[in-house]
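J.: This is what each chain is made of:
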Amino acid sequence: MINIWAPPDFSMRWTPVWQRNLMVWRKLAIASVLGNIADPMLYMLAIGYGIGAYIPEMNGMKYIAFVGTGMVCQSAMFTASFEGMYSAFSRMFMQRTWDAIINTPMSLDDVVFAEWIWCATKSVISVTAILLVILLLGYGQSGLAVWILPLGFMIGLCFGAFGLIMNALAPGYDFFTYFFTLVLTPMLLLSGVFFPVEQMPAALQAVANALPLKHAIDIARPLLLGHIPDRLALHLSVLAVYAAVAFYTALVLTRRRLLK
Amino acid sequence: MTAVTVSGLRKAYGDYEAVRGIDFTIERGEVFGLLGPNGAGKTTTLRCCLGLIDPDGGSIEMVGLPVPRAAREARIRVGVVPQMDNLDPDFTTRENLVVYGRYFGIPIGDLERRIPKLLEFAGLQAKEHSNIRTLSGGMKRRLTLARALVNDPELLILDEPTTGLDPQARHMIWNGLRQLLNQGKTILLTTHFMDEAERLATRLAVIDHGKLIASDAPRALIAEHVEPEVIEVYGDEARPWGESVGRSIADRIEITGETAFCYARDPQPLLHALQGNNGVRYLHRPANLEDLFIKLTGRELRD
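From first to last, the protein sequence lines are chains W and C.
The first sequence begins at 4 in this note's numbering and counts up one residue at a time.
The second sequence begins at 210 in this note's numbering and counts up one residue at a time.
Treat the hints with care, as some may be off.
The calculated lysine to any residue pairs, modelled on SDA-like cross-linking and capped at a C-alpha distance of 20 angstroms, are [unchecked claim]:
| hint | chain 1 | residue 1 | chain 2 | residue 2 |
| --- | --- | --- | --- | --- |
| 1 | W | 263 | C | 225 |
| 2 | C | 349 | W | 263 |
| 3 | W | 263 | C | 222 |
The set of hints was computed from the structure by calculation and includes no laboratory data.
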């Protein structure tokens, strides 16, 4: 029965939807990866070398590596948000691809779930590319850095779900600008990408502690340096709770939009 | 054996009752046409049958399975041609068929075997590796029909399959549908085109304002509801002629704009009265489905 508040009705049928997105991505893979990593790479190199010349070290890291880990997490955030908003909206609304899929044994829940996993997959792809550059520049100090890849997946689940919420509410592409200016930009500036959160006044620190990106960065930086992050369980739980609640919300809103 | 049984179907959106108690059954191997003006409840009925929306009342059985409870299992055995094209624009003709087949969980080996036949059916062998952006409207529609056959369905549901096509393309679709019927498939079709319904449908149902107002074979419906002979009178003089002369001779007359539609069991008195009248032109023809449709649903525009 179609009750929009029902818990997710998972089936293992969702993989062909994910595969479809992968097939499209492969046709334009290089352009797509460049698009996802160009911004964070430029930030990392310009700020890392530019400001890094004045601040050789920050919290025991080369400044460029400090910004680099922030940029890894930022790219996971932007890639998944973008995929959940613009790309999903193209498939859902402009091309009506989702309408075609739900006429098959696939349910809308399968489609939204597959899109969610796809958002996180794309985050892993851009995280991989940026991490490779950081390692090639010689700033990786430990095999533990490999754990940044599954972290990228978690960040992708979190922000992909936020993107899918916006997608379910959007009347058109312009609507997504709100998410960039009201959510992503403040998240980028308050989560400790460019400087430690501890530099900010207590009130802003409290805000930062509620932001998922801050917790992702708290996991990524120690991993690059070769330590197990402090309070790992707390940081992971924050990301997991955001991801789960946001996905359920996206699912309910998408059902409300399409199943009527 | 019935392919679809719908009984007492009701669906409301807030205060607006889109479907207000519809019953029909579709036998296996027939083409069942669902006719009705815009907003009559056709698409809502189809969406209920596919289990995409929950009815507020009534029951639906499709290919022997209860919907929406077993909608997913039922959809495995059904093919859908939607009203609006939703082929995947990032893919070629062949890729569209492969990707869609995978949604049904069909193994790639089986798909590889089915695709040449589907391309032949759609007359798209030459376009197998072309991006679908390069296909004409008619080709896209044929591909959409081929895509709906990828799971070798028992029942095909077509929502206005030829809207927006030129006459050649429509005839190709009709030929395709006849072939499928000969293979024993069941077809549920909605359309605005009366010639399409009359040509294809074994039986049809006219729905309006969410209710089924007539259901039978096309010729039987026409015979039951409309006088057999129609004389359409055109021209500046048609309206005054209709008001003064036509109305007294015809069994029934409808005058809209500059046309008077005269319905009669015996056309001779009308024809006699029209001969020698130079102010009007006229056309004498047998009653058709459009006459029935207009009689049952009225002439006002529905938007």
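J.: Hint check: residue 263 (chain W) vs residue 225 (chain C), CA-CA at most 20 angstroms. Holds or violated?
T.: 13 angstroms, holds
J.: Quick one, are residue 263 (chain W) and residue 222 (chain C) close enough, alpha carbons at most 20 angstroms?
T.: 8 angstroms, holds
J.: So if I understand the rule, the pair passes when the alpha-carbon distance is 20 angstroms or less; does residue 349 (chain C) with residue 263 (chain W) pass?
T.: It is violated: about 27 angstroms lies between the C-alpha atoms, which goes past 20 angstroms.
Of the hints listed earlier, the one the structure fails to meet is number 2.
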